Amino acid sequence: MQTKTTMPLRGSSRSITTTLAVAGLTWLACPWANADEPKPKPENTISIQLGEPVLPQKFEHPPKFWIASVTDRSGNPQPMLVMKERGGVFLDKQPTEIVKEAIEQSFKAANLLAPDAESADLVLRVYLFHFGLAAGSGLDFFGKVEFSIMVKNAKTGESQEVKAVGTSIAKGAVRKKNMQKNVEEDIEEALHDATRNFVRGTQLKEAVAALSKGTEAVPAATPSAAEAPRPLSK
Amino acid sequence: MRILMLALLAGILAMGAAGKPKDETPHYKTAEAKHFATAEGVELTPAFVDYFYAELRSELTKSKLVNEVIGEGEAVEAADAPQSLVISGTITEYKKGNVVKSTLIGFGAGMRSLKMDADVVRRGDNQNLCVLHVHVKIDPRWNEKVMAKGAAHEMVREMKKALAESAKGS
Numbered sequence: 001m002q003t004k005t006t007m008p009l010r011g012s013s014r015s016i017t018t019t020l021a022v023a024g025l026t027w028l029a030c031p032w033a034n035a036d037e038p039k040p041k042p043e044n045t046i047s048i049q050l051g052e053p054v055l056p057q058k059f060e061h062p063p064k065f066w067i068a069s070v071t072d073r074s075g076n077p078q079p080m081l082v083m084k085e086r087g088g089v090f091l092d093k094q095p096t097e098i099v100k101e102a103i104e105q106s107f108k109a110a111n112l113l114a115p116d117a118e119s120a121d122l123v124l125r126v127y128l129f130h131f132g133l134a135a136g137s138g139l140d141f142f143g144k145v146e147f148s149i150m151v152k153n154a155k156t157g158e159s160q161e162v163k164a165v166g167t168s169i170a171k172g173a174v175r176k177k178n179m180q181k182n183v184e185e186d187i188e189e190a191l192h193d194a195t196r197n198f199v200r201g202t203q204l205k206e207a208v209a210a211l212s213k214g215t216e217a218v219p220a221a222t223p224s225a226a227e228a229p230r231p232l233s234k
Numbered sequence: 235m236r237i238l239m240l241a242l243l244a245g246i247l248a249m250g251a252a253g254k255p256k257d258e259t260p261h262y263k264t265a266e267a268k269h270f271a272t273a274e275g276v277e278l279t280p281a282f283v284d285y286f287y288a289e290l291r292s293e294l295t296k297s298k299l300v301n302e303v304i305g306e307g308e309a310v311e312a313a314d315a316p317q318s319l320v321i322s323g324t325i326t327e328y329k330k331g332n333v334v335k336s337t338l339i340g341f342g343a344g345m346r347s348l349k350m351d352a353d354v355v356r357r358g359d360n361q362n363l364c365v366l367h368v369h370v371k372i373d374p375r376w377n378e379k380v381m382a383k384g385a386a387h388e389m390v391r392e393m394k395k396a397l398a399e400s401a402k403g404s
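Residue numbers (my numbering), protein chains in the order written: chain V, 1 to 234; chain P, 235 to 404.
Chain V extracted, bound-state conformation (with noise of 0.2 Å):
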C-alpha cells in the first residue's frame, strides 16, 4: 500500500522560490522597472527657446549672414532624448533646428541676416557637436551646447572655422516636475550662452574681418572663385 507524504522542500529549492518571490515582488512594485525605453509624450517633452535674442559684436564693415545648413555631428542616436532616467525628459524639436532658430533670431536683431542665399555675404555652415546635457557630478544638471561653424565667403569661396561653446549649471531635484523645469532652464541657458559665445566671440571678429579682405581684394569685374571651376582635390 502507497502512502502520499507531502514532500518538503529541499534547501536549494526554496532558496530559488524565495528569490524568485523578492524579484516578482521588486517588478511589480517598481513600475519604471519593467517599463521600455521613454517615450515622449506632452507630459515628458520640454521646449527650448533662446529667449532674449543675443546682440551681436558690432562690426567694421557690417556683413549679412545666411545660414545654409546645421547638420548632427553628435552622434547621439536619439538627439531628442536629454534625459533616460525616471521616464525620459524630450525635446519638442530636433536639436539642430532649435541652434539654426537660435542663432537666425539673434543676426535677425541686429539686422544681420540675409533674406536668402544669394544675397548674403557670408555664409554659414554649422556643425552641433554636443547639445543637452553632460555627465556632471551628480548632483546638478551640466547643460552643454557646442558646435562648430564654417564661414564662408559667398564670393571668393574662402571659409574659416569658428568655435563655440555654451555650459550651465542648474541645480538637482527630486521631484520629476521640478526636475524638467530645472533642465528645461540649463539646456535653455547653455544654448543662450554658446549663441553669445559665437555671435560675440573674437573668432567670429577675426573670421569676418580676413573674409572681408578677402571680398575688397576681388576686383569687381573678375569672376568669383566660386563661380570658377575648382579641380577635384583626392
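A hint or two may mislead.
[Stated by the list, open to error] No more than 25 Å apart at the CA atoms, straight line, and that leaves these computed lysine to any residue pairs for SDA-like:
#: 1; chain 1: P; residue 1: K329; chain 2: V; residue 2: L139
#: 2; chain 1: P; residue 1: K330; chain 2: P; residue 2: Y287
#: 3; chain 1: P; residue 1: K349; chain 2: V; residue 2: A135
#: 4; chain 1: V; residue 1: K58; chain 2: P; residue 2: A313
[Stated by the list, open to error] Computed footprint of chain V on chain P; a stretch qualifies when at least three of its residues, placed anywhere within it, have a C-beta under 8 Å from a C-beta of chain V:
#: 5; stretch: 286 to 298
#: 6; stretch: 371 to 380
Keep in mind that the hints were calculated from the coordinates and are not lab data.
Please read these numbers as outputs of a predicted model, since none were measured by experiment.
Glycine is no exception: its CB is placed at the ideal position from the N, C-alpha and C atoms.
Assemble the complex: chain V is given as a structure, and chain P must be docked to it using the hints.
Just chain P now, with coordinates in the frame of chain V:
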C-alpha cells in the same frame, strides 16, 4: 524703564551694524574664465576640464564679484576692459587616491587630491592681480567631478579674498 532698555539695546545693535567693516572686494564688470590646461602627467579627461570650466563660471556668477561672466574668447568693449578680469590656470597635480588606504588608515591617507594654480589678470593692461593655489581632497569613492565642484568653489573664495586684500593694500 523697559522701553528705555529696549531703545538702548536697539541703539547698540544699530551702532554695531553701522560699525561692521564693509565688504572691501572691488566690483568688476566682466570676468572671462578660460579652460584650464593640464600639466604633463595629469590623467584627467577633457570632460573634467569642461565641467570645471562650467562650475567655475557658475561660482563666479554666484559670488557677485562681477556683473557678467562671459564665455571664453568673447569680445569685451574697450571701455570695459580696465574693469574686466581674465582667469586662466593649470591643473598641476591629480592623485586618484586609494580606497583601501583611505578605509584602513584614514586621517587623510589615500584621499583623491587635486592641485591647481590660477592667474587673475586685468584685461585692460594684462596686470596680474593675484595668483591662486588651490588644493582639494575628497574621498576616493566619490566621483571626480565632485572634486571639480569643490575646487571651483574654493578658487572663487580665494580669489575674492585675494582681490579684497590687494584692494585694501592699494
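Verification of the hints:
| no. | hint | verdict |
| --- | --- | --- |
| 1 | P:K329 <-> V:L139 | holds (22 Å) |
| 2 | P:K330 <-> P:Y287 | holds (20 Å) |
| 3 | P:K349 <-> V:A135 | holds (22 Å) |
| 4 | V:K58 <-> P:A313 | holds (14 Å) |
| 5 | 286 to 298 | holds (count 5) |
| 6 | 371 to 380 | holds (count 3) |
When each numbered hint is compared with the structure, no violation occurs for any of them.
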